[in-house]
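Please arrange chain E with the ligands on chain H, whose structure you already have, making use of the hints.
Spelled out, the chains give:
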Amino acid sequence: MKYFDTLTQGAEQALTDRGVGLDSLLYCIKCDMDYEGMYYDTYVVFDSEKLYILSGYDRQIREKKKIRYEFDFRDYKEYSLSDIYELYVDRYRHTCRLMGKQKGCDSSDSDKHVCISRFSSGFSEKAEQFCHRYNLTVKKEAIDDSMLDERSPFCPKCHRRYPDPNRKYCPYCVKRSSLFRRLMEMFGDFKLQTASILIMMILSAALGIISPYFGTAFLYDRVLDAAGDFYGQILFAVLMMAGFRLMSGLFSTLYGVVFSTAVSKVMHKIRVKVFAAMEKLSLSFFTSKQTGSLMTRVDRDANDVYDFFCFIVPQGVTNIIKMASMVVLMYLLSPLLATCILIMMIMVFVSEIFFAKGQRRHWRATNLAVRRMQSNLNDAINGHRVVKAFAREEQEKSRFGKSLDRVYEADMARSVRYVKFDSSQWVIYSVGRALLIVLGFYLVIKGSIGIGELMLMISYFGMLWDPVYFFVYAGNDWSRCIDAASRIFEIIDSNPTVKPPVTPAEVPSEGLQGDIVLKNVSFEYEAGVPVLKDVSMNIEQGKFYGVVGKTGAGKSTLINLISRLYDPTNGEIRIDGIPIKDIAFEDLRRSIGIVSQETYLFMGSIADNIRYARPDATIEEVVEAAKNANAHDFILKLPDGYDTMIGSGGVSLSGGEKQRISIARALIQKPNILILDEATASMDTRTERKIQNAIDNLKKGRTIIAIAHRLSTLRDADMLCVIEHGEVKETGTHDQLIRAKGKYFELYKLQAEALKTIGVE
Amino acid sequence: MNEYKQTDFQIDSLRILDVNELHFTRLDSGYLDLEYKGNRYEQVSLTRLQPFYYLDTYISVSFKNDEDEWIEIGVIRDINDMSKEQRDLCAEYLQFRYYVPLITKVHSIRDNRMGYLFIDAETTAGRKRIAVNDWWTNFRVNNSGMLTVTDSDGNKYYIPHPEEMDRKSYRKLELFM
Ligand SMILES: Nc1ncnc2c1ncn2[C@@H]1O[C@H](COP(=O)(O)OP(=O)(O)OP(=O)(O)O)[C@@H](O)[C@H]1O
Ligand SMILES: [Mg+2]
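Chains as they are written, first to last, in the working numbering: chain H, 1 to 761; chain E, 1 to 177.
Chain H with its partners taken away, still in its complex shape:
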């Protein structure tokens, strides 16, 4: 038994106790609720004879690092497969029921429905698949699990289900340190730089630590002291001090430069990788609720990582070197004083940590308020048309005002807390310093330390604060960087759900011809919500194929499958006899031109938008395509003709104008298969006619699939097909369908009647 959940040992025992043979079990799911909705573990399993339902509670017992499960038994039931002849999932709002259909007692009775178990709706996909397999087993039909193998829904480490089975990403098991290592590996190409940077960092830190020596111990003991070997050479002392400082600064600038160029290169590498990964990802990644928001912050994430490496890492390294060597030096000078200083440091450090923790709360509140304010602002700006149209300016103003107030309050609370804490810290620091000096002079008088050495200690004491403060706050930056890196790697690592073929099939250089065959194709965007059901159709090469159906019927979905933006959940699509999964993306996209329902134009000139699919097209071809698409005339009226900039910030076009440009974009590709999804819906009838003529011209040797609500658009279609609720209801020529008096006839009658009402026949 491989799918879908595994029985715990206790549960296995409970089943064996009731005479269930574990080896013959086929599938198992674990549900999380009892009928009243309390969290209980219910296992539903079946073999080829019976369905078993075991409920109870899996109790975790920790024993010396090992986790053992014990099963508190509660209830057990079994049905024979012939009794419950079908399972299905009954969905409620947030929970579902696994239901079984039972034959009525005598033949006159209708079917009885029995509730098998209950679970949170998150389990529904698994349950649907379980039901499907149960039903096939009842009917003694073959079961194909190959789809499941690819997407094993469990994390190999912790055996928990992945939140999203399409992405093998387990939030429980990702280690932060491994992320950091991966980031560091990106620096692998820069070994020389890294080594030289490290040397320069050490030099800079060492020189920085030595320089105060010349201003203190050296000055007092060897220059100002009549017995000193540099007696009177004050200029020399000053020069030495300045020189060391200068050298230290020089090295730190130098490594800064080398370092930031290396980081920039690495970041560039990461950005290129992320973008390449994004382009490779399937459409479903962008539309998914769990991952959609990753994309919106990719760039900010890259910046966070950049900042961390450019500013935090070098500072961290130098600060560690500085701190360690200063502490050692201080102990060499005076262990007593050094210990006092160290204790003070630790006290300050700990209190700062506590403060920072609380402060993080405030930061978070502030960020939240700012974020809320920004989304309010965005809303008002993007929706300004609606706001104005309904004259709700005052309402928006007060809404925005309120969110501003929240930002202000959060900001104030944070700042006040900071000021209070900071001043108290300052008092402690001053008192501590004073005590230190008093103690120091006492030691000088006693003769256990020289005055110069004391001065050196005091200047180290001052220098120690920077590293301390740095380490208090570096933790934040570190986790922000790792946070960002995890999202970046998540994108880089995710596997596309629609995979390119390993060994692409041979496609002639003139592209695919367009014999499209769909065999029992089913599809669902979200598990358990079938959008296409068992669709089979035959589209012949060189024919004009029309698809009609109500809105939401699944027409665009059909197109998405043919152009392989998604893969069907079941069934197969072939073009020219080649399974679509074996056709290389380039060949497929080269042969198929799509004008989709949602027109999207890129930022850039009109000419560039038209030749998007074929950037090497000459301007003549561009104009030709635009003429065919009836776009030429309106383009000429624009201020800069074909060079007019469109997209955000450029000229805005009307809905019909945009559609015409996207038709031109598809036409210039001269594809063998042309797909038009409501391509002329926003145009007036005259323009539509013209475009239709253009498409007619194109028809020779091309396969055209057109979706339209207006039946007149499809008057030239060789074949028509009506889709309803994801099923093909009718296919045939216009005349056949009219004679059949089915769905198409109804639609046709409706539209004809509508024309009649305005006096057209």
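The reader is advised that the hints may include incorrect statements.
Subject to a maximum C-alpha distance of 30 Å in a straight line, what follows is the list of computed BS3-like cross-link-like pairs (lysine-lysine) [what the hints assert, rightly or not]:
1. H:K519 - E:K64
2. H:K420 - E:K64
3. E:K64 - H:K741
4. H:K402 - E:K64
5. H:K729 - E:K168
Examples of chain H residues toward chain E, derived with CB under 10 Å [to be verified]:
6. Y35
7. E36
8. M38
9. Y39
10. Y40
11. Y92
12. H113
13. V114
14. S120
15. G122
16. K191
17. Q193
18. R371
Computed footprint of chain H on chain E; a stretch qualifies when at least three of its residues, placed anywhere within it, have a C-beta under 8 Å from a C-beta of chain H [claimed, not checked]:
19. 19-33
20. 94-102
21. 125-136
22. 154-164
If you are wondering where the hints come from, they were derived from the structure by calculation, not from laboratory data. Every residue gets a Cβ at the ideal spot worked out from N, C-alpha and C, and that includes glycine.
This is chain E with the ligands only, laid out in the frame that chain H set:
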């Protein structure tokens, strides 16, 4: 059922059901059958129009036709207008249909800084560790102050009045609202 067969150009409009004519029966399977003005509907579904605000008022009643489409029979203005027995039937059905665990206490919230929040919470259905991805989109506060949490499996949890929870729980939650 003829009354509700879609005639092609009929304008849809709000149809308030006559509570005195409604007669629901509950089957063992938990489904409801309905008799209304001489018509029988099997396995009807009750849907709250405003599930956040009004639990007993404005309940839509619909059935599945032969083509598997849900067709609305009408809307019950207030189930309290029905006979006690009928009212209880409906209320129980609605409660079942809209069942969602309520979070009663928050033991801890941990942000793993990788886009996930782990909430160790006590719910009306028992204790549970809830993993929430991208809390910014999956924590929702509605106008009446109710917090809705959607976890990474797609399960939902409610907190009707977060500010009325114990202080410790509230302080933990507050940061995410
Ligand atoms: N990305 C998606 N995720 C989930 N569901 C989707 C998605 N895209 C479409 N759907 C659903 O699939 C169903 C079919 O959608 P589709 O776009 O194929 O309809 P259509 O026949 O093209 O309709 P229209 O005539 O309005 O364009 C709809 O119920 C829709 O809500
Ligand atoms: Mg569509």
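Hint check results:
This hinted pair checks out: H:K519 and E:K64 have alpha carbons roughly 29 Å apart, not beyond 30 Å. For the given pair, H:K420 sits about 66 Å from E:K64 by alpha-carbon distance, which is inconsistent with the 30 Å threshold. This hinted pair checks out: E:K64 and H:K741 have alpha carbons roughly 25 Å apart, not beyond 30 Å. Taken as a hint, the H:K402 and E:K64 pair is broken in the structure, with Cα atoms around 46 Å apart against an allowance of 30 Å.
At most 30 Å may separate the alpha-carbon atoms for a hinted pair to count; H:K729 and E:K168 exceed this at roughly 59 Å. Contact between H:Y35 and chain E, as hinted, is supported at the beta carbon level, the nearest pair being about 9 Å apart and thus within 10 Å. Hint on H:E36 holds. Least Cβ distance to chain E is approximately 9 Å, under the 10 Å limit. For H:M38, the interface hint holds, the least distance from its beta-carbon to any beta-carbon of chain E being 5 Å, beneath 10 Å.
With its C-beta approaching chain E no nearer than about 4 Å, H:Y39 sits inside the 10 Å limit, and its interface hint holds. Against a cut-off of 10 Å between C-beta atoms, the interface hint on H:Y40 holds, since the closest Cβ of chain E lies about 8 Å away. Here the hint on H:Y92 is kept, as its CB sits about 5 Å from the closest CB of chain E, short of 10 Å. The interface hint given for H:H113 is met, as the beta carbon of that residue sits about 4 Å from the closest beta carbon of chain E, less than 10 Å.
The closest approach between the C-beta of H:V114 and any C-beta of chain E is roughly 6 Å, which is under the 10 Å cut-off, so the hint is satisfied. Hint status for H:S120: holds, given a least beta-carbon distance of 4 Å to chain E, under 10 Å. Using the Cβ-Cβ criterion of 10 Å, the hint placing H:G122 at the interface with chain E is satisfied: the shortest such distance is roughly 3 Å. Of the supplied interface hints, the one on H:K191 is violated, with its beta-carbon coming no nearer than about 29 Å to a beta-carbon of chain E, more than 10 Å.
Interface restraint check for H:Q193: the shortest CB-CB distance to chain E comes to about 29 Å, outside 10 Å, so the restraint is violated. Restraint check, H:R371 versus chain E: the minimum CB separation of about 8 Å is within 10 Å; hint holds. For the segment 19-33 of chain E, the proposed coverage by chain H is satisfied: 5 residues have a C-beta within less than 8 Å of a C-beta in that chain, meeting the threshold of three. Counting residues of the segment 94-102 of chain E whose CB falls under 8 Å from any CB of chain H gives 6; the rule of at least 3 is met.
With 8 residues bearing a CB less than 8 Å from a CB of chain H, the segment 125-136 of chain E meets the requirement of three and the coverage assertion stands. Given a C-beta distance limit of less than 8 Å, the hint that chain H covers the segment 154-164 of chain E holds, as 3 residues qualify and 3 suffice.
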